[in-house]
Each structure stands twice: as C-alpha cells, then as structure tokens.
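Colleague: Below, each chain spelled out in residue letters.
Number of protein chains: 2
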Amino acid sequence: MAEPRWLTDEERELWLKLVGLSMLMPNAVEAQLKRDADMNQFEYHVLAMLSEAPNRTRLMSDLAFHTNSSLSRLSHVVSRLEKQGWVVRSACETDGRATNATLTDAGFAKLEVTAPGHVEAVREMIFDAITPAQVKQLNAALQPILDSIDTERRAPK
Amino acid sequence: MAEPRWLTDEERELWLKLVGLSMLMPNAVEAQLKRDADMNQFEYHVLAMLSEAPNRTRLMSDLAFHTNSSLSRLSHVVSRLEKQGWVVRSACETDGRATNATLTDAGFAKLEVTAPGHVEAVREMIFDAITPAQVKQLNAALQPILDSIDTERRAPK
DNA sequence: ACTCCTTACTTGAAGAATCAACTACTCAGC
DNA sequence: GCTGAGTAGTTGATTCTTCAAGTAAGGAGT
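Top to bottom, those sequences are chains F and L.
Note that my numbering has the first sequence beginning at 200, numbered continuously upward.
Note that my numbering has the second sequence beginning at 200, numbered continuously upward.
A couple of the hints might just be wrong.
Same chains, same label: a pair holds when it works inside one copy or across any pair of copies.
As the list claims (entries may be wrong) - In the DMTMM-like style, the derived pairs of lysine to aspartate or glutamate whose C-alpha atoms are separated by at most 20 Å in a straight line are:
no.: 1; residue 1: 335; residue 2: 304
no.: 2; residue 1: 335; residue 2: 281
no.: 3; residue 1: 282; residue 2: 319
no.: 4; residue 1: 335; residue 2: 292
no.: 5; residue 1: 216; residue 2: 323
no.: 6; residue 1: 233; residue 2: 349
no.: 7; residue 1: 216; residue 2: 327
no.: 8; residue 1: 335; residue 2: 229
no.: 9; residue 1: 282; residue 2: 349
no.: 10; residue 1: 233; residue 2: 292
It should be emphasised that the hints constitute simulated quantities derived from the structure, not laboratory data.
Since the structure is predicted, the reported quantities are computational estimates derived from the model, not experimental observations.
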C-alpha cells in the first residue's frame with residue numbers, strides 16, 4: 200500500500216471550507232424558505248426547475264437530473280408536492296415507462312410569491328459577500344470540481 | 200414591496216453550482232466512506248476533529264462548533280460512535296453542565312485505517328480537478344461566504 | 001439563599017432521505 | 001413474437017436529522 204498523497208495545508212483548509220459550506224449553506228437557505236414558504240430547498244428547486252421547462256413539464260428522470268437527486272428521492276418529494284396541489288403527474292405519451300411532472304397554476308403562484316424573498320436571502324448570503332470578480336473565479340473553479348463529481352457519479356468504481 | 204434584486208446570469212449560474220455542490224459532494228464522499236469504513240462523512244468528521252484535539256478530547260459544544268452541527272445532532276451521533284467503541288463520554292470536571300467526548304484507541308485506529316482512502320477520494324474528486332492557483336482563489340472567495348453564513352447563524356433575523 | 005435567566009446537553013417523536021426490492025414498460029437480438 | 005437486459009418509476013423499511021421538549025447545572029442580581 201503506497202503512502203497516501205496527503206493534503207497540503209491550503210488544500211486541507213479548502214476541504215474544510217467545502218465541507219462547512221455543504222453543511223451550513225443548505226440550512227441557511229432553508230431557514231428562510233421554511234419560515235416564509237413552509238418549504239425546503241429541494242422542494243423549491245423542484246418547483247423552480249419545472250417553472251423553467253417548456254409547458255412547465257419535465258419527465259421525472261429529467262427533473263431528477265436537474266435537481267441532482269435520485270429518482271427515489273424525487274418520487275417521494277413529488278408525491279408531497281402533489282398532495283399540496285403544486286405539481287401533477289401524468290403518463291408520458293411516447294414512453295409507457297415514463298412519467299411527466301407538471302407545475303400547476305397554484306404551484307407557479309406559490310413560486311412567484313416565494314421567489315423574491317428567496318432570491319434576496321441568497322443575495323445577502325452569497326453575493327453581497329463577494330466581488331463580481333470572485334463570482335467569475337468561483338464559476339470557473341467550481342466547474343471542474345462538479346464535472347469530476349459527476350464523472351464519478353456516472354462511472355462508479 | 201420593492202422590486203427584488205434579481206440575480207444576473209453569472210450569479211444564477213454560480214448559485215446553481217453551489218447548490219449542486221452541496222447536494223452532490225457529500226454523497227460522493229460518503230459513498231467511499233460507507234463502502235470502505237461503514238461510516239458517513241459526519242461521523243468521520245467528528246472522529247477527525249477529536250483526533251486533532253489535545254488529549255483527543257473536546258467538549259460536546261466545542262465539537263459541535265468544529266463539525267458545524269447542532270448539539271442535538273452531535274449528541275445522537277456520539278451515542279452511535281460510543282456504541283461502536285470509538286468515542287467515550289465523561290463529565291467535565293470544571294463545569295457540571297458540560298460533557299467531554301474522547302476518541303478511544305479503537306477510534307483512533309479506525310481513523311488511521313480510514314484516512315488514507317478518504318484523503319485519496321477527496322484528492323481525486325477535488326484537487327486533481329483544479330490548479331493550485333484555483334485552490335488559492337477558492338480559499339479566498341469562499342471565506343467571505345462562510346463568514347456571511349456564520350454571521351446570519353449567530354444573529355438570526 | 002432565593003429567584004430567574006442562561007448554558008450544556010439529552011431524549012423521544014416526527015419528518016425526510018436512503019436503500020433495496022419490485023413493477024412495468026422498451027428495445028435489441030434471435 | 002419471444003427472451004433477456006436495461007430503463008423509468010414507485011414503494012416500504014430503515015436510518016438519519018430536526019424539532020420541541022426536558023433535565024440539570026451555572027451565574028447574576030437582590
């Protein structure tokens with residue numbers, strides 16, 4: 200067993216920041232969403248991804264991809280959203296295995312009243328804290344990390 | 200109600216990346232930990248933070264801070280870790296309300312066999328994907344975001 | 001020394017996420 | 001037109017997290 204390639208101090212520091220970010224950021228956002236809209240971030244994300252799609256409709260599997268979620272998780276959540284009347288499911292006409300999820304008018308309305316507060320919270324938390332140049336840097340530096348995670352996700356060892 | 204300060208395209212792009220990262224990164228790490236050590240990332244993080252402390256011991260509240268967790272969550276997890284024999288609790292001598300958590304020899308040994316594989320996974324996922332210059336940029340740009348989250352956490356509106 | 005507030009932590013119940021089946025459909029090859 | 005492999009989605013059980021109490025000790029003021 201070869202000597203592991205340990206992290207440098209700077210790498211370790213960054214790693215702890217990334218871990219901290221993935222621990223704290225969702226909580227921080229969800230506090231606002233929960234308080235103002237009785238919704239969690241994932242549910243919001245699902246509604247948002249539907250609202251941007253043609254006909255406010257996506258296949259479940261497509262929606263799972265765009266929300267970075269498993270089909271199982273999505274299925275449970277869409278069941279909840281359906282109960283609230285914000286989403287409806289329907290059979291896909293061209294593929295008998297597939298299911299469409301569609302944002303209802305009520306769901307769209309919910310999103311419209313929720314979005315401003317959510318965006319404001321995001322802005323205060325993230326974008327008021329960094330410079331436009333840093334936005335560019337982060338976009339550039341985070342992309343390869345996401346690609347790398349995605350590669351491993353698609354081709355697990 | 201004033202017009203909300205919507206996000207620019209670049210900001211939106213970054214926000215989606217940050218959300219994606221906090222969704223996918225923990226899973227990616229945990230897959231390896233789960234497979235190789237039957238442990239999740241939070242448990243690993245708890246053991247790691249203990250291993251670095253003097254006497255491998257920390258107060259629960261201190262440990263909660265260093266793992267970005269609530270005391271409640273930590274308490275449940277330490278109970279599990281205690282059952283596995285990796286951590287022990289003891290009363291704090293100077294403050295009757297406080298509890299020490301100490302990493303046992305077994306816990307330290309567990310960490311020692313787990314660390315190389317974990318570090319390797321982190322390296323492959325993160326540091327093989329970006330340049331040393333990007334490590335610096337990310338460290339610099341993520342810091343104010345974490346500070347901002349932390350401020351809101353301490354002084355909720 | 002007694003009230004009252006805060007801190008430190010634990011606990012049990014409730015809600016959400018994951019995991020491991022399972023159903024149902026599609027499609028490629030024979 | 002079967003068979004088998006893969007795809008799409010659902011479901012129920014288990015596990016984890018969060019939430020809302022609760023206990024118990026410290027500490028400030030009186």
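Colleague: A separate judgement is required for each hint: does it hold in the structure or not?
Modeller: Against the structure, the hints come out as follows:
Taking the shortest Cα distances, residue 335 and residue 304 never come within 20 Å of each other, neither inside one copy (36 Å) nor across copies (46 Å). In this homomeric assembly, residue 335 and residue 281 never come within 20 Å of each other (Cα to Cα): the closest approach is 38 Å inside a single copy and 45 Å across copies. In this assembly of identical chains, residue 282 and residue 319 lie within 20 Å of each other by CA distance neither inside one copy nor across copies; the values are 28 Å within and 44 Å between. Taking the closest pair of Cα atoms, residue 335 and residue 292 never come within 20 Å of each other, the shortest separation being 42 Å inside a single copy and 51 Å across copies.
Taking the closest pair of Cα atoms, residue 216 and residue 323 come within 20 Å of each other both inside a single copy (19 Å) and across two copies (17 Å). In this assembly of identical chains, residue 233 and residue 349 lie within 20 Å of each other by CA distance solely across copies; the values are 19 Å between and 29 Å within a copy. In this assembly of identical chains, the alpha carbons of residue 216 and residue 327 lie at most 20 Å apart whether taken from the same copy (19 Å) or from different copies (17 Å). In this homomeric assembly, residue 335 and residue 229 never come within 20 Å of each other (Cα to Cα): the closest approach is 25 Å inside a single copy and 29 Å across copies.
For the identical chains of this complex, residue 282 and residue 349 are neighbours neither inside a copy (32 Å) nor across copies (35 Å), given an alpha-carbon limit of 20 Å. Taking identical chains as interchangeable, the C-alpha atoms of residue 233 and residue 292 are never at most 20 Å apart, the minima being 36 Å within one chain and 40 Å between chains.
Of the hints listed earlier, those the structure fails to meet are numbers 1, 2, 3, 4, 8, 9 and 10, in rising order.
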